[in-house]
Amino acid sequence: MKFRSLFLAVLCTLFMGVSLTSCSDDDDDDEVTTGVFILNEGKSENNNAGISVYNPETHAVTADVYMAQNDKGLGDTGQDMIQYGNYVYVTVYGSSRLVKLDKAGVEVASLTFSAEDGQPRNMAAEDGKLYVTLYSGKVARINAADLKIEKYVQVGKNPEQIVEEDDKLFVANSGWGEDNTVSVIDIRTFEVVKTVEVTVNPNYLQEAEGYVYVISYGSFGNVPYTLSRINTRTYAVEEITTATLMAEHDDVIYLANSVTDWSTYTTTTTFFTYDARRGVLNNASFLQDSPEARKLATKSIYMIEIDPNNGDIYIGISDYNNNGDVYRFTRTGEFVKEITTGSLNPNNMVFFN
Amino acid sequence: MRLFFYRLVLCLLGGGFCPVSAQTADTTRVHELQQVDVSAIRRPSVVRSAAPLQVVSGAEMERLGYQSLADAVRRFSGVTVKDYGGIGGLKTVSVRSLGAYHTGVMYDGIAVSNCQAGQIDIGRFSLDNVSQVTLAVGQEDDIFQPARMFASAGVLSIQTQRPEFRGNRDYSLQLRMKGGSFGLVNPSLRYARRLASRTSLSVDGDFLRADGTYPFTLKNGQSVTREKRYNSDILSWHTEANLYSLLRDSSRVTAKVYYFQSERGLPGGVIFYNPYNKERLWDRNFFVQAGYEKHFNPRWALKGALKYNYSWNRYRDINVKYDGGKQEDRNRQQEYYGTATVQYVPSEHLTVSLATDFAVNKLRNNLPDCPFPTRYTSYSVLALKYHYRFLTVTANVLNTFVTEKVKSGERPENRHKFTPFAALALRPWQDRNLYLRFLYKNTFRVPTFNDLYYLRMGNTGLRPELAREYSGGITWSGTPWSFMDFLSVTADVYYNRVTDKIVAFPSTYVWKMLNLGKTDITGAEVNVRAEIPLYNRIGLHFSAGYTWQKAIDVTDKESKNYKEQIPYTPCHSGSGALQVQTPWVNMAYTVIGVGERYVLLQNIPANRIEGYAEHTFSLSREFTGKNFRLHLQAELVNFTDEQYDIIKYYPMPGRSYRLSATLRF
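From first to last, the protein sequence lines stand for chains A and B. All residue numbers for the first sequence refer to my numbering, where the first residue is 1 and numbers rise by one. All residue numbers for the second sequence refer to my numbering, where the first residue is 1001 and numbers rise by one.
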C-alpha cells in the first residue's frame, strides 16, 4: 500500500506538469513546482470541497488538483489546510476525514474519524505529530507519517483553531457561542494544564512573540467580535480591539473588520494591523488605494493569508453562491492580481518554497 | 350488467374521457356520466379555463401507476417538484418557477397552511382517497370560493372521493393492499355508510411503512460505486372521516376530521466518505373542518367553512457536536380559520362574489429566543365574472391585512396590500372549441415565521415577496380526424417576475434573511391529450406535456451568476402517458423527462446536474363478482433503472415494483 502510494506519488509528480496544464484555464507550460494551494471549502451537502493550484508567476489556476490527481473528490466542506514537512494536510469537516497530500496534490494517506471522535476542525503540527480539534470536544494527537491516532485529550465544547507556542497547544473552545475558554495543553504530557477565560465564542488563533492572539465571535449582537491576546507564560488576557479575521506574518497581525448594516444591506470592511513586537495597533490600512482595495472595503472578508516567503497578502471573498475570488497584494499593499478559484468559499492557502 | 359495464368504463376511463366532454353537451358520454356516476366530482375543462389548468383524476393516477401525489404533480407542465428522494422525503411544488412559497395547496376546498416553513410538503398526502388533483396557474375559474384561494400565484387542489353506494345498498367498503420494493407495505381501508337518505359518512384509514433502503449509484470523480440509502425509513398513519349531508332546504353540509402521524429518517444528502446520519423527524397533524353551502335562489348563494388545525413535529439529531450529544427541536403550530363567501348573479352574464377569510396562526417551539408569534390575517376579495357570447372576463381584487403579536423581541410592521387579478377568455367562433386566454396576476407571500424569527437569521424588517404573472395561451379541442374520438391541445406562454425575493444573505458568520432577490421567468408550455378507439372496446389514450423555461437571476449585475438560470430549474422538461384499454387488461406507460439543471446559482460545469428520463409501466385488470369488484395492478417503476437525482446527492430510487389489490364491496 505504502509502496503503491509512493509509486503513485512519483508517477503523478512526473506527469504533474502535463496533467495540471491540461486542466488549467490558461494554456501555458509553466511547471507548478513552487506553487500555492487554495482550499475551497465548498458548500455543505454539495461534496464540492477542492484544492485550487495557483501559479504565482503566471497566475494560472487549476480548479481542483485533488480531483485531477486522485480521480475522486476531496469531499464535503474543506475546513483547514496546513503544510508540514513536505506534505499538505487537509481536514474535511462534512466528510469527517483528514487527508495527507504531497505537493502535487496526490493523496498519500487518509484517516476517517468515527462518530465518537466527531468531525474534524483545525490542525497544528509539531515534532512529527498533528493535533486535530474534533467536535466531540477533543483534540487528537495523530502521527503525521501514517495518520494513526495516538491519543485524545478532552478540551472544551466545539473546539475550533489550535496553535502551538512554547511547547504548549492553545485550543479555542467556541461551544457555538456557549463556551468562552481557551484550553492550554502541555505538548509533552498531552494534558490540559490551564483553561483561560476569554471573550465568549473564541474561534481564531495566531501566535507571535510570546502571545496567542484570539478572535472571539462574541454573542451575535450583544458582544462584538473581539481580538484579544493571551500571554503564553502568565496567561493574562488583554482585549485589543474589534476584528473579524486575522493573519500573522513577521510579528505583524493583519486584521480585517467586516460589519454589515442590515438596514441598508451594506458591508464595510476596514483593514489594519497590530504590531506584535511593540504591542501597538496601527489603524492605517495595509492595502494601498486601488479599485480592488475599494471593492474589498465593501465586502465581507472570508480569508486573509500571507505568503511567508515574500509577505504577499491574499484576501478571499465569497458570496456562498459563486466561485470565490482571491485578491493578491504585495507586502506593501499594492494590488497584483485577482484570481477566481475553482469552487466556493476559499478559506485557506499554503505556499511552497 | 350493461349499466355496470358503463360504470366500469367510466371508472376506468372516466378520467380520460370527461375532461372536455363533460362540459360539452353534444357528446353522448356526458349523459352516461350523469346517469351513473352522480357522486363523482365534475372534472373541469382545461380547454375552456381562462387560467391555465391541469387535471388528473384519482382513477387515472391509479391506472398510470403514479407512486404518490408528488409523482402525479411533477408531471404537470410548468411545475417543479423538489423531491428529496425516497417515500418520506420532503416534496414541495413550485409553479412556473415562482418558488414553492407561492403555491397554495387546497384540501377539499380549504387551504392547507404552514406559517413556519411557508412551503407545504405534499409528500404526506395519501393517494388512496383522492378523486381529483388540479393545478391552476393564478387561480381557479370558479369565483365562488374562499378568499385564500385567490391569494397564491398557483393553486394545487386536492379533492377526496365522495362515497358511492351501489344499487340500494347503504354501505360501501373498499380494502386495498399495496406492497413493493424497499419494504413498502401500505394497506388501506375505506368504509362509507348512508346514515339517512341524504346523509352519508365515510371513514378512511391507511398505514404505510417502508424501510427505504434502496440501492443507488454514487459517482465520485472516476469512481462509480453501488451504495445503499440508509436512514430513509418511514412509518405513517392517516385517518380521516367525512360527513356529507344534503339538508331538506337543499343546503349542503360537509365535515371532515383528519389525523396524520409519521416517523421518518431524514437521510440527508449523500456525503462522500461519511455515511453517518441519525436525523429523524416525527410529525403529527390533526385538523377538523366543516363547511356549509346554500343556494337560496338562482341569484344568491352562500358558503362558509371553519377549520382548526394542529400540527406538531419533533426533529432529532444525534451527534457528538451537540451539547449533550443530541439536538432536539419541537415545533407546534395551531391555526383557527374561518371563511364566508357570498355569490350574486344579477344577470345571466354576470356573477359577483365577495369572500372574506380570517386566520389566526400560532407557533411555539423550544428554540432559545422563541418569540411565540401569533399572526392574524384577514383576506377579503371582491370578484366578478362576466360572460357575453364569445367573451369571458374574470377579475378580482384581494385585500390582505396581516398583523402579528410576539411575546418578546421585535415584531414586524402590519402589512396591508391590495392585489389584482384579471383573466380574459375569448372564443372567436361559436361553433369551434377554440379559445384564446390571457391572465394577469399580482400576488405576494408574507415572510414565514422562520424568515422573521429564526434564531439570528430571522429579520422582522422583511417585506412581502412579490410575484407578478402574465400569461397568454390558445386552447382547442375537437375531432380533427375520424379515427380519433377527441383531441385537445393547450399552449401557453408566460412571463413572471419575482421581486423582493426573500433570500438568506451571508455576511461575516451571521446570515440574515433579506428582500434581495429578483427573478425573471419566461416560459412556454404545450399539452396534448387524445383518445383513439382502436377496435370495438379497445381504446388508446394519450397525453403529453412539454415545458420550456428560462428563469434567470437578475439580482445583481456585478454578480457572476447575473442572468443565469436559477438552481434546479430545467430549461426543458416534459412528460407523457399512454394507456391501452382492453376488456381483458389495461396497460399504461408513462415517462417523465427533465433536462440538465444547475445545483447552485452559478451556471458552471461543476454545478451542472444531468437530465434524466424515468419510465414506468403498469398492468391492471378488474374482476367482477356478484357483490364485489377486485382490481389487481402491477407496476414496474423506473424500469430502465435510471439513476438520477432531483436534488443533487439526494438519489432517487432505481427500478422498483409495486403490486396492489383492491377489493370493493
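The hints are simulated quantities; they were obtained by calculation from the structure and are not laboratory data. The structure displayed is predicted, hence computed values, not measured ones. Where hints are given, some of them may not hold.
Calculated pairs, DSBU-like style, for lysine-lysine (alpha carbon to alpha carbon, straight line, at most 35 Å) [what the hints assert, rightly or not]: (1) 129/A - 1563/B; (2) 138/A - 1326/B; (3) 1518/B - 1563/B.
Status of each hint after checking the structure:
{"no.": "1", "hint": "129/A - 1563/B", "verdict": "49 Å, violated"}
{"no.": "2", "hint": "138/A - 1326/B", "verdict": "17 Å, holds"}
{"no.": "3", "hint": "1518/B - 1563/B", "verdict": "10 Å, holds"}
This entry does not satisfy hint 1, going by the numbered hints stated previously; all others are met.
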